[in-house]
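Asks: Residue strings, one per chain:
Protein chains: 2
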Amino acid sequence: MTFIHTDPLKSLLQTYNDLNSASITILDEIPSPLEFMRFVALNRPFAVRGGAADWKASREWGVKKLKEVMSGMRVNVAVTPKGNADSPARGPNGDLLFVKPHEEEQDFTTFLDFIITQEKNGRLPNQEIRYAQTQNDNLRNEYSPLYPSVPPTIPFSRIALAHSPEAINLWIGNSHSVTALHKDNYENIYVQILGQKHFVLMPPLAYPCVKERVLRSANYVRDGKGGLEIKEEEGRDVPFATWDPDVEEEGVGEEEREMRELVRPMRVTLEAGDMLYLPALWYHKVSQSCNEEGICCAVNYWHDMEFSGSFYPLCNLVRNLTLEKERGKIADKIAEQQKL
Amino acid sequence: MTFIHTDPLKSLLQTYNDLNSASITILDEIPSPLEFMRFVALNRPFAVRGGAADWKASREWGVKKLKEVMSGMRVNVAVTPKGNADSPARGPNGDLLFVKPHEEEQDFTTFLDFIITQEKNGRLPNQEIRYAQTQNDNLRNEYSPLYPSVPPTIPFSRIALAHSPEAINLWIGNSHSVTALHKDNYENIYVQILGQKHFVLMPPLAYPCVKERVLRSANYVRDGKGGLEIKEEEGRDVPFATWDPDVEEEGVGEEEREMRELVRPMRVTLEAGDMLYLPALWYHKVSQSCNEEGICCAVNYWHDMEFSGSFYPLCNLVRNLTLEKERGKIADKIAEQQKL
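Here the protein sequences come in this chain order: A and B. Under the UniProt record's numbering, residue 340 is the last one in the first sequence; the count climbs by one each step, no gaps. Under the UniProt record's numbering, residue 340 is the last one in the second sequence; the count climbs by one each step, no gaps.
Some hints here could point you the wrong way.
Which copy is meant is left open, so a pair is good if it fits within one copy or across any two.
[Claimed, not checked] List of simulated lysine-lysine pairs, DSS-like, C-alpha gap at most 27 Å:
1) Lys211 / Lys329
2) Lys211 / Lys10
3) Lys120 / Lys67
4) Lys82 / Lys225
5) Lys225 / Lys120
6) Lys10 / Lys325
7) Lys120 / Lys64
8) Lys65 / Lys120
9) Lys211 / Lys325
10) Lys120 / Lys82
11) Lys82 / Lys231
12) Lys100 / Lys231
13) Lys211 / Lys100
14) Lys329 / Lys10
15) Lys82 / Lys67
16) Lys225 / Lys100
Honestly, the hints are just simulated from the structure, not real lab data. This one's a predicted model, so the numbers in the text were calculated from it and none came from an experiment.
Construct the entire structure; sequences and hints are all you get.
Replies: Put into structure tokens, the structure is as follows:
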């Protein structure tokens with residue numbers, strides 16, 4: 001008999017845990033469009049081992065090939081001090097900000113040599129981290145010479161969702177880059193080409209645990225002394241998850257601890273040739289390891305998610321309840337202080 | 001710009017209304033399994049005009065044929081004073097109870113002649129209402145001689161949901177029977193064979209409006225004087241919706257009225273040969289009209305619903321929040337009375 005929580009949000013997470021596995025479904029073959037649609041209906045992820053192993057990109061890409069195809073081209077590179085692009089970070093006055101990377105165009109070969117050297121020889125003290133990670137359909141634009149090496153769509157998701165991908169993105173970096181916990185409004189097919197990606201996954205219902213905060217937006221900019229500094233963007237606020245599921249926080253209250261114990265982050269490592277279905281609105285934190293050549297490379301296909309039906313409104317309800325609960329706690333604290 | 005409600009449940013209904021149509025999707029052809037699965041994923045209903053028009057049952061059934069095939073057989077008949085099987089009704093001491101029909105075996109031809117005569121000649125004062133409505137897979141059992149006239153499964157739902165129907169039910173009655181607002185834990189394919197069915201449909205999110213109450217269970221029993229009386233069953237409580245979307249209630253408070261205005265009951269009439277997908281957990285109230293022979297006949301296929309994923313836990317959350325809110329209102333009322 002499961003203990004029934006009186007807090008509706010705890011009870012929600014408990015029910016979810018009772019009805020769902022804590023580990024990801026592993027398939028050893030590509031699903032049919034209908035099989036895929038069943039996962040979409042459940043908003044549950046799966047990984048297909050070797051699902052993209054026979055792609056031209058999986059068979060042919062490597063440092064030599066990438067340099068050959070992209071020779072002489074300039075690409076957008078995200079530059080950060082710690083591999084933390086699009087992440088919460090402390091600004092000059094100690095406030096937590098949402099900090100975007102410094103972006104600049106670099107010669108592709110120079111960029112690739114930089115990340116490989118850093119990976120193989122080790123990072124120099126305070127050396128910057130570089131990551132090609134523009135999520136703007138870059139494989140069909142900036143990297144179009146590489147595009148013929150991947151299928152133009154993932155047939156099972158195109159057929160199931162009845163539309164072509166909104167964006168196809170290429171990711172090239174080394175093990176020093178980490179993508180902070182966040183969610184996207186997309187159904188995502190993620191394909192590992194070189195190296196490994198390590199995912200921590202949590203369903204949209206984990207919202208009460210991710211400590212979403214409205215952060216002021218900022219950018220890393222070159223400080224002219226070989227380093228990077230944070231510069232705030234005026235008037236732009238971003239709601240963003242501030243919980244890092246890999247860090248043991250100090251001073252976490254009883255309430256928060258209890259709630260966290262009800263979330264069971266799912267972990268999965270994609271090897272080269274593996275494919276992941278990352279359902280819309282799932283929280284994910286992503287770190288990476290390089291192949292023997294010292295790079296990590298992936299491609300992902302974003303499909304617009306479906307906002308009709310009741311799933312999105314229900315996720316919104318969970319968000320509103322969490323915000324209401326947090327406001328209540330703040331009000332209680334103020335009332336207590338006024339009593340003293 | 002939509003007004004944002006501060007009550008999370010009102011805000012939920014508002015968001016749902018903003019993102020979904022208030023009327024049912026009408027198809028003019030049977031969907032493919034994948035197309036069907038998209039509706040299941042959205043938990044949204046559709047009707048297919050003429051979707052079952054070429055079924056043997058649609059082509060051949062009528063009073064003569066039914067009597068021929070079922071000649072000499074005895075069937076279970078639900079008997080009620082007002083056509084209200086499985087409905088909330090006032091018991092002898094005025095309490096609202098969940099009252100099940102009196103059930104008895106009758107000769108099929110006698111039963112059919114009774115409902116036809118009542119329909120065609122008009123109901124006599126206080127005359128009982130009869131309805132063949134056992135929802136226990138009766139078409140594959142009690143009515144098995146009629147079963148070959150319908151397909152053994154609905155291919156699109158069997159393939160999409162990857163299992164055969166849990167139950168196939170036959171319904172025969174006249175216009176005096178009404179099925180009270182309720183929901184089922186099944187994906188339901190409902191097919192009209194003779195006459196019409198009038199559905200009032202509301203999504204599971206309408207829970208805060210349906211006034212679910214825990215009712216003591218009771219049965220109609222023959223009183224030995226040609227009438228029916230209510231007899232309570234000891235120790236059986238049933239949570240059941242007590243709102244009738246067709247009745248203008250008096251004395252509804254501001255809060256309740258505001259909530260009700262956010263629910264947009266969907267109405268659809270199935271004609272003979274039409275098919276309806278009634279998604280799991282949708283509230284439905286059903287009334288009926290007869291064909292020129294004076295009967296109404298339908299068949300439905302129940303598929304087990306999927307409890308994994310996040311939809312069921314989220315529906316449960318809406319229920320828990322509603323109960324919490326109602327408990328809060330009761331507590332407020334008691335506190336107020338104690339002050340006086």
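Asks: Each hint: holds or not?
Replies: Evaluation of the provided hints:
For the identical chains of this complex, Lys211 and Lys329 are intra-copy neighbours only, at 14 Å inside a copy versus 30 Å across copies, given an alpha-carbon limit of 27 Å. When the C-alpha separation of Lys211 and Lys10 is checked against a cutoff of 27 Å, the pair qualifies both within a copy, at 15 Å, and between copies, at 24 Å. For the homomeric pair Lys120 and Lys67, the shortest alpha-carbon distance inside one copy (18 Å) is at most 27 Å, but the shortest distance between copies (85 Å) is not. Taking identical chains as interchangeable, the C-alpha atoms of Lys82 and Lys225 lie at most 27 Å apart only when both belong to the same chain, with a minimum of 17 Å there against 87 Å between chains.
In this assembly of identical chains, Lys225 and Lys120 lie within 27 Å of each other by CA distance solely inside one copy; the values are 26 Å within and 95 Å between copies. Within a single copy, Lys10 and Lys325 get their C-alpha atoms as close as 12 Å, and across copies as close as 17 Å, so both meet the 27 Å cut-off. Taking the shortest Cα distances, Lys120 and Lys64 sit within 27 Å of each other inside one copy (16 Å), while across copies they are farther apart (86 Å). Taking CA atoms no more than 27 Å apart as the test, Lys65 paired with Lys120 passes inside one copy only; the shortest distance there is 19 Å, against 83 Å between copies.
For a Cα distance limit of 27 Å, the shortest separation of Lys211 from Lys325 qualifies both inside one copy, at 12 Å, and across copies, at 25 Å. In the homo-oligomer, the alpha carbons of Lys120 and Lys82 lie at most 27 Å apart inside one protomer (17 Å), although the nearest pairing across protomers, at 83 Å, exceeds that limit. In this assembly of identical chains, the alpha carbons of Lys82 and Lys231 lie at most 27 Å apart only when taken from the same copy (16 Å versus 74 Å across copies). In the homo-oligomer, the alpha carbons of Lys100 and Lys231 lie at most 27 Å apart inside one protomer (10 Å), although the nearest pairing across protomers, at 70 Å, exceeds that limit.
Taking the closest pair of Cα atoms, Lys211 and Lys100 come within 27 Å of each other only inside a single copy of the chain (19 Å); across copies the shortest separation is 49 Å, beyond that limit. Both within a single protomer and between protomers do Lys329 and Lys10 lie at most 27 Å apart by alpha-carbon distance, with minima of 16 Å and 22 Å respectively. For a Cα distance limit of 27 Å, the shortest separation of Lys82 from Lys67 inside one copy, 26 Å, qualifies, whereas the shortest one across copies, 81 Å, does not. Taking CA atoms no more than 27 Å apart as the test, Lys225 paired with Lys100 passes inside one copy only; the shortest distance there is 20 Å, against 82 Å between copies.
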